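Number of protein chains: 2
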Amino acid sequence: MTHPRLSMNHATIKHADFDAALAAVTAAGYESYGTWREPVQAIGLAEAAKRFADSGLRLSTHCRGGFVTMPEGEARRAAIADNLRGIEETATLAAAGAPGSRAVFVLVAGGIPAGETGIADARARFADALAELAPEAEAAGVTLAIEPLHPMYASDRAVVSTLGQALDLAAPFDPAVVGVTLDTFHVWWDPEVLPLVARAGAEGRIATYQVCDWKTPLPADVLLGRHYPGEGVIDFASITAAVERCGYDGDVEVEIFNEDVWSSPWDEVAARTATAFDAAVAPYLTATAIPTLVE
Amino acid sequence: MTHPRLSMNHATIKHADFDAALAAVTAAGYESYGTWREPVQAIGLAEAAKRFADSGLRLSTHCRGGFVTMPEGEARRAAIADNLRGIEETATLAAAGAPGSRAVFVLVAGGIPAGETGIADARARFADALAELAPEAEAAGVTLAIEPLHPMYASDRAVVSTLGQALDLAAPFDPAVVGVTLDTFHVWWDPEVLPLVARAGAEGRIATYQVCDWKTPLPADVLLGRHYPGEGVIDFASITAAVERCGYDGDVEVEIFNEDVWSSPWDEVAARTATAFDAAVAPYLTATAIPTLVE
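Protein chains in written order, with the numbering used here: chain A, 1 to 295; chain B, 1 to 295.
Hints are computed from structural coordinates only; laboratory data are not their basis.
Misleading hints may appear alongside valid ones.
Stated by the list, open to error - To spell it out: a stretch of chain B is covered by chain A in this simulated footprint if at least three of its residues, at any positions, have a beta carbon under 8 Å from a beta carbon of chain A; those stretches are:
id : region
1  : 112-119
2  : 146-153
3  : 180-191
4  : 210-216
5  : 234-241
Stated by the list, open to error - Mimicking SDA-like on lysine to any residue, the simulated pairs with C-alpha atoms at most 20 Å apart in a straight line are:
id : chain 1 : residue 1 : chain 2 : residue 2
6  : B       : Lys215    : A       : Ala114
7  : B       : Lys215    : A       : Ala220
8  : B       : Lys215    : A       : Gly118
9  : B       : Lys215    : A       : Ala28
10 : A       : Lys14     : A       : Ala28
Just so it is clear, the structure is predicted and the values come from calculations on it, not from any experiment.
Virtual Cβ for every residue (Gly too), placed ideally from N, Cα, C.
Next up, chain A with everything else stripped away, as it sits in the complex (with noise of 0.2 Å):
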């Protein structure tokens, strides 16, 4: 039986349209889908709501905006607009999905933009787009959950480095309006990772738990070396049993970048998934079904 706290991110069957996404998650017995913008974009918001809401899935989050660390002008303002118009998206796709649908909007910092030295101005115009958007979120009843990145993307993609970081860019909001992203191949090198993970319970932080493994060689796209949980190095059991203590008990997605993985069938993928979260991870959830279902 597939764990009914499993979530297939969108990202794991890249490739997969809208339809091919939900009935590959469907079939393999998820009840859960983290979306992606594309594939919504692509047959349209309304479209894909009805859709989703005939699956029966919830909604784990949606992913991805930010990509907000432009200094004022033309670009900032359609990074801003593009944002908010994901922060609808979000707020749609939850109504739309099944009881216990997170209203969660994934955000991505950013990297430093070409010809900038230094990272501390494009931090500070991403917590400046944060303050921005805020507000809006709050009003859709949406959550922006930051993502910190590894820090090998740290120039290029996502100034915010670290769950620390994150933690104190949320700081100034209601923790319901902005959390964090905790994505285990993200975290996992950081010394303080348990510490963090404790504080960011202690605070309402955590608006979603991502799980994918770290190995190396990295491929020569850094992007794309992410595993299935367990082949990899990460330690899953204290990872995961901190986010547990938290008293977090929403859906785990399982997201992976990698070539091989996208090549490969859909319920393939959606299989091995399952197969390898039940060794991996699921042992140490302590909360085996989402609140909201058993209520």
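Since the structure of chain A is already known, use the hints to place chain B on it.
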């Protein structure tokens, strides 16, 4: 004029033998040189020390030891013995070098041993190795300089990933015996880098300051993605100023791992390194000579 605090780390001219390196570095007007073990061992320590003394150069560091994260057994004993040889090499070369030479032996922790899951045990075993090596270093008058490496190397090369972690590991020991290696490439992304540099200075732990730049895309072998200062995104102004505020007044090494740099003529590399250093780093140095020389 080549900056008096600029040191050529041998890794930047990796394929030069010891004599060729000394010739290139002195011809380019450097006062200081950071040795690597292989070219020293190729001619023998006594002979290397003699030729180094004849060169008139200072020693900035000797690179490198560590790689002791394995469990107790034959391989670990061999690694400890190798580190003891490195301590002896460092003391001998520093004694042979010009006044102002620093007996600093750089330590890279090592990765997670094959087949292990989780990073905590490997970290603990590196801490154990420090406790075993420190008395030997103290007896030899050598400072062990723990080098935190970028988190992308956490699994296969260095389980010590942040300056804060390196300082915590050094804390039980006299700062003259265990310090840290501060390399911009490895720490630039850390949101806490400036306060951590200040902490390192306040605790007397900055054993050496190394500079090279970060830019993306990373090469297929992520070990080799280092660049001349000023060619990437690192803010050398703020980090260098923070190091200087601590009172660090020693040599500053340029250490670049890059196939293109390695395949260039060594005199060209030495000249280009000096030019890049003058533009990107030197303006933020307050002390312009090595104290021992001017006393």
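Against the structure, the hints:
1. 112-119: holds (count 5)
2. 146-153: holds (count 3)
3. 180-191: Check passed, 4 qualifying residues.
4. 210-216: holds (count 3)
5. 234-241: holds (count 4)
6. Lys215/B / Ala114/A: OK: Lys215/B and Ala114/A at ~11 Å, within 20 Å.
7. Lys215/B / Ala220/A: This hinted pair holds, its Cα atoms lying about 15 Å apart.
8. Lys215/B / Gly118/A: With Cα atoms ~11 Å apart, Lys215/B and Gly118/A stay inside 20 Å; holds.
9. Lys215/B / Ala28/A: This hinted pair is violated, its Cα atoms lying about 42 Å apart.
10. Lys14/A / Ala28/A: holds (17 Å)
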